[in-house]
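Mind docking chain B on chain E? Use the hints.
If you read the sequences in order, they're chains E and B.
Per our numbering, the first sequence starts with residue -3, numbered consecutively.
Per our numbering, the second sequence starts with residue 34, numbered consecutively.
What the hints contain is simulated information worked out from the structure, not anything from laboratory work.
One-sided and incomplete, this derived list gives chain E residues near chain B with beta-carbon spacing under 7 Å:
{"hint": "1", "residue": "Phe158"}
{"hint": "2", "residue": "Ala159"}
{"hint": "3", "residue": "Lys201"}
{"hint": "4", "residue": "Phe218"}
{"hint": "5", "residue": "Ile233"}
With a Cα cut of at most 20 Å, we get these calculated EDC-like pairs of lysine to aspartate or glutamate:
{"hint": "6", "chain 1": "E", "residue 1": "Lys438", "chain 2": "B", "residue 2": "Asp51"}
{"hint": "7", "chain 1": "E", "residue 1": "Lys15", "chain 2": "B", "residue 2": "Glu50"}
{"hint": "8", "chain 1": "E", "residue 1": "Lys438", "chain 2": "B", "residue 2": "Glu50"}
Small disclaimer: the values here were computed from a predicted structure and weren't measured.
Where a beta carbon is used, it is the ideal one built from N, C-alpha and C, also for glycine.
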Amino acid sequence: MGKYNNILVSLQRDDRFGKVIKDLAGHLGKRPGRNWFVAFAISLLAFGVGVISTIYTLCEGIGIWGLNNTVNWGTSITGFVWWIGIGHAGTFISAVLLLFQQEWRSSINRAAEAMTIFAILCAAFFPVIHMGRPFIAFFTFPYPNTRNLWVNFNSPLLWDVFAISTYFIVSSIFFYIGLLPDINLLKNKLNNRVLNHFYHKISLKSFTSKRQWKTYKKLMLFLAGIATPLVLSVHSIVSMDFATSLIPGWHSTIFPPFFVAGAIFSGFAAVQILVIITRKTLEIEQYITLSHIDKMNKIILLTGCIVTLAYGIELFIDLQSENETLIYLISRKIRGEHALLWWSMIFCNVFLPQLLWYAKIRRNSIITFFISILILVGMWIERYLIVVPSLETSYIPARWKDYSPSITEIGLFIGTIGLFLVMYLLFIRLFPVVSIFENLQKNNSNE
Amino acid sequence: MNNKLKEKVTLRFSKQEDWTETVKLLNGANCPIDEISPAFPFDFEEDTSNSEISRLSLTGILFGIIGITAGLSFIIWVSTVAYPINFGGKPLLAWPSFFPVVFEIAVLTSVIGMFLYFLFHDNKTRVNDRDEEKEIQNKEFYLVTKKENLQKINFLNENCIITND
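Chain E extracted, bound-state conformation (with noise of 0.2 Å):
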């Protein structure tokens, strides 16, 4: 009997068709090895971490926090568009790529289209908790209420509730429907009758006919051309909560499309990362190979130019601006206060990614899986440098004041990283990570 032999498969399923089903589903329904919950457990710590930050948040208030009447947003606010970004990469995969016809994306979409999906909630998060009373989130909807209020259509906040929204929404769908051959698949095969039962459960539509599977690749298509203009939207979205403001540093018309190429940059980063260990752990290099990590990271390198580019055209705007706060606001990040932040972010965001131009570095697992770490850490300091300087120094210098986050901060983005590893590590055990339909069709189609 083979490694995976809990998979019931029947009938000569020693053939092609056989052996990608057992390659790509042999460890669902299985007990896990030692290494998943030695993960699962310190990501299980973090996640904890995060929940006693909440806990002690909502008790006492946002004021344990470290911001004042002069920082308002700080590290919640980054870490929300630190986490969005993270998020547009799995639907750059699932729909631009596929919009391209791109096949190597076959393998890989699945992690990213779920990690979409767990960031997308790890960055909800961030707005609850920062509003002060959360349990009064709803507001922020549009609802007839006994108040006669409505909300402020005028307002980048509310463009955004509607836009994480829609993007949540979207993606989840994307997802599902992606998912659901896979489900069909493999529903009667698991020698584990809970999760046997749970696939038939979320299997909505069986493709028992060939009208099925024709109406099922048209819909996948337009799909990904209605996801496309969303990976552009709504980070553009999320970027005007800077750029239609006054502040000093955020008034600026080139955040729409420098946080977009950030949003890939770091999303990309954040998929290298998770695909580069789980290929690993769950053997299945043959179906993600190191030509994978070599295009993603082309991607990286192209976004990453583009992101060099965007630092250079904003340093260029403010000092030509002339405007005497904007020049010091400079001069605190290059050789100010915030210079080893600064000077850290061009090393992880600007010299790093220039590693790859060369093959043999993009075609290295190790050094791919490090660059990216510290890809995302860069992207971490950048959305802080963006935030926090430009509120401390703004127009009026008796309002600058400091900041600096508070353990509890820090405690609560620790927890959403939790929770996203947590998520993803249930996701790992209970559904393909790889599309093995894809798989199938594109061993098919080269035969």
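Same frame as chain E, now just chain B:
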């Protein structure tokens, strides 16, 4: 006798190669195939069956238009009638401000419409009996054709299960 030959039968294969070969034989003999089904979106160029026109795109457009109309109407009503607020002289009908929300609503309604269409349309082939579904799934590849077509190609395959449709 002739009526019996015109009856449809379902051929169920466990191996893709057997299924592909049978499809090719039937196509070569110009025998129509009423229904075929693999476990993944196969390239249906070998199939000679007709397919219905899908109204998926129309559904998406219709729902999108409904979303745009409803969203825009609602926002205009809120901004001008229900809750008009003077933001430093900004007009009540500030059209550019409405675009992000209207766009998102249009995308959302269009996607939901197409999703519902996909779920509920053409569901008559959904197999509710779990044992029969299991049987179909264990034989991932099947096709439906008339009995007389099998005689034309002298069909003989030990790994195939043939049932009357």
